[in-house]
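Engineer: Position chain B against the provided structure of chain A, taking the given hints into account.
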Amino acid sequence: MSLDHLDRLEADSIDIFREAVAESERPVLLYSIGKDSSVLLHLARKAFYPSRPPFPLLHVDTTWKFREMIAFRDETVARLGLELIVHRNPECVALGINPFEHGSARHTDLWKTQGLRQALDKHRFDLAFGGARRDEEASRAKERVFSFRTAQHRWDPKNQRPELWRLYNTRVAPGESIRVFPLSNWTELDVWRYVERERIPVVPLYFAAPRPVVDRDGTLIMVDDERMPLRDGERPTNELVRFRTLGCYPLTGAVRSAAATVPDIVEEMVVATTSERQGRVIDHDQSGSMERKKQEGYF
Amino acid sequence: MAELLRFITCGSVDDGKSTLIGRLLYESKLLYADHLAALAADSKRVGTRGDDLDFALLVDGLAAEREQGITIDVAYRFFATEARRFIVADTPGHEQYTRNMVTGASTADAAVILLDARRGMLSQTRRHAHLVSLLGIRHVALAVNKLDLVDYSPEVFASICAEFRAFAAELDFDEVTCVPMSAVDGANVVAHSELTPWYDGKTLLQWLESVEVGDNATDGPCRFLVQWVNRPDADFRGFSGRVLRGTLRQGDKIRVLPGDRMSTVDRIVTMDGDRTDAPTGSSVTVVLADEVDVSRGDVLAMADDPPGAADAFQAHLVWLNEADLLPGRPYLAKIGARTVGFTADLPKYRIEIDSRRRAPAKVLRLNEIGVANVHFDAPVPYESYRDSRDLGSFVVLDRLTNATVGAGMIDFALRRSANVRWQQVTVDKHARAERNGHRPCVVWLTGLSGAGKSTIADLVEKALHADGRHTFLLDGDNVRHGLNKDLGFTDADRVENIRRIAEVAALMADAGLIVLVSFISPFRAERALARDLVADGEFCEVYVDTPLSVAEQRDPKGLYAKARRGELANFTGIDSPYEPPENPELRVDTTTLSPERAAGAVVTKLRELGVY
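Residue numbers (the UniProt record's numbering), protein chains in the order written: chain A, 1 to 299; chain B, 1 to 612.
Note that these hints are calculated values from the structure, not bench results. Mixed in with the good hints there might be a few duds.
Said to hold, decoys possible - Negatives, chain A to chain B, calculated, CB over 12 Å:
| # | residue |
| --- | --- |
| 1 | Ala-105 |
| 2 | Gln-152 |
| 3 | Met-228 |
Unchecked claim - The following label-pair restraints were derived from C-beta to C-beta distances:
| # | chain 1 | residue 1 | chain 2 | residue 2 | range |
| --- | --- | --- | --- | --- | --- |
| 4 | B | Asp-293 | A | Asn-159 | 15 to 25 Å |
| 5 | B | Phe-167 | A | Ile-85 | 53 to 63 Å |
| 6 | A | Pro-174 | B | Asp-589 | 23 to 33 Å |
| 7 | B | Pro-580 | A | Asn-159 | 19 to 29 Å |
Please read all numbers here as calculations on a predicted model, not as lab measurements. Just so it is clear, CB atoms sit at the ideal spot from N, CA and C, and this is done for glycine as well.
With the rest of the complex left out, here is chain A (with noise of 0.2 Å):
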């Protein structure tokens, strides 16, 4: 009897929860309702049952988010009686930050790597687990599995430290902290079949329905309330359309799609010819935008 390729993945994501836990004072799961997150969750079950997670969730919001993946969290706390800490920019809830009028560059800082930043400092978290994959983008490639940031945050892609063996060096002085990423060997389809094989709830997102969405420069962008501003001659239409990857709804890109199980999307994903990110409205910014955030401290 051996491991079959899942159970590998899924005993390597274990074993680097419990190394992270054992070795750090204050951990936090940066959890973002994603299908990632889902499945980090659920190994961090794994990881150390019959205890809880001895660590809450954290999640940076910026109100922008799908109503259904806000319902999806509370729902999954509750069900799974975790402790949840929410941080909202205070700053940008007082300047009314949104990707219509600031700009998907500057509404991404600010939400996102400001308020991570800003949660990470007044909590003190000296360790935060991430559900990023080396096979999302060309700089996570590069990512340790655990990735030192300084006291300002900051990855220095330049100054590392070597990661050997399964040895992590989970050693920081004050202020300093590390990110830990236990999925950084899967790769999407690699998820979607954890998922299926675990039966792990995702957001219903993931699968198609009918969605009201609007074409905007050849990106489907769904209308998720009343606050997105139509342009001229723009009418939503309901399209039968799923998301691979979540985010706020106004940067994110439905596909024309019909999978509408996990099986149906492990089997689109065999054929598929698109990267998950490419509905990622903020990865294409610049070029090497990716690589920037990084260093600036976004996840």
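Structural biologist: Okay, now just chain B, sitting in the frame of chain A:
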């Protein structure tokens, strides 16, 4: 056959490594349309292949790399074919980044070494092959790339293969496969090329899909590493960790290492329900039948075939940091799930990677590899690296910066570490303290040359002696005439100098004395070592604080003048650093305090510390 193959690619900057990986991703249809569109745009803008796709750009993700046109760190790539899944560690080839290669190789089962057919075997090639072998990779493919540039000549290919095989014969490989290739044209990467009709061996992808790396960890006696003690409530006490080797079964008799505690596996717990066994690689939680004391870092092993536990080893060390490995300097080491104090002896030799010759060394520099005896400050369960990557590897961490500065692979435990036992004595420290009327203490005066350390130490000793206390003064200059006369003033010698003094001071403290140590002792790490050698409350660090300009003006021995003239190398404060104490027990400012007042402050501090 393993479903997943982790492999590393290594080659020089110009060998076309990134192009190869880009090509593998492309040919295995793992490139999405948006990636390809971005690639086409980038190829036109910064590519080096005219209007053709420049596959290298796919892999060289970081902006800094695009500017420099090189890969600067380890990148991990994922692709899959019908036959297998792959994780590629793409590691840079130029010399100063050996550490990245070692990082990538540490988790790989196979290696692809690239070279440029026009240039043949370079010292780089030998270096890569040697490192790959050292890190325990047994399966290697030599990709003789850019064959298009030598007109697909079978003679060139044959001669390079022969040279490589001759070199590799002395390394620890189970298998070497040579593939004639052109990554740019895609020749023999995935499919056989009609340009090399004379080659009927495997293409590179065929080799990757079929190489049997063997998983020797699945055989052999069980080892389970405890990472976390799982106590949700008073009724449950489990040990969460990982099966590193063999299979763990319910009912197994196990031994807890280090030590000789014994028990039986009562339950193997997972969120999906209890199991009767857990194969190699499983992350599970174990409940034992008996109340035995088990903590993080312990290893549960088959009772009748346990690994050893020891605190001294011969090890191969790879140095990963700009600051040299200094023999005797205290570091930390992480091995298994345990972090312990670590020191290395003077290296037995350094290995010249290109020639595989042994060379003498007093330190190990960045990217150097050497063999040394190493010491942990507590016994750890271990196996040789050859037997177990998990229990035979460690990383070295700097105590102050927390950086990962080195990597180690255990060759074997030193016999004496298993045999030497501390002599139990009946006349102990307490007995001596009773008789002496005071507790022992090491008073460590540190500061620049000419700060006034010796003067103050002398006054303190006089005062203590007059008061009937038992003292001894160790002075830097005096000790260098005797005990340490074989040492010079390089950083490595300074560390050894202080190590010896610290050991002597600790022995004297054991003898019940108040030991006054008057040494420049410029490095924090060594002063921390001296502190660690004695019991809590028995160390009093006194920072004799004098600005360099003042000390230089005093210059009682004329040394600063000599150093300024360049007649004295490595002089502290001039061309060698002084690291002031961060939290000394006492700081005396000699610009405001006379030596007598400073000595009085030291005596008062000793009273405060309860020495007498």
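Engineer: For every hint, state whether the structure bears it out.
Structural biologist: Hint by hint, here is what the structure shows:
no.	hint	in the structure
1	Ala-105	16 Å, holds
2	Gln-152	17 Å, holds
3	Met-228	25 Å, holds
4	B:Asp-293 - A:Asn-159: 15 to 25 Å	40 Å, violated
5	B:Phe-167 - A:Ile-85: 53 to 63 Å	58 Å, holds
6	A:Pro-174 - B:Asp-589: 23 to 33 Å	28 Å, holds
7	B:Pro-580 - A:Asn-159: 19 to 29 Å	25 Å, holds
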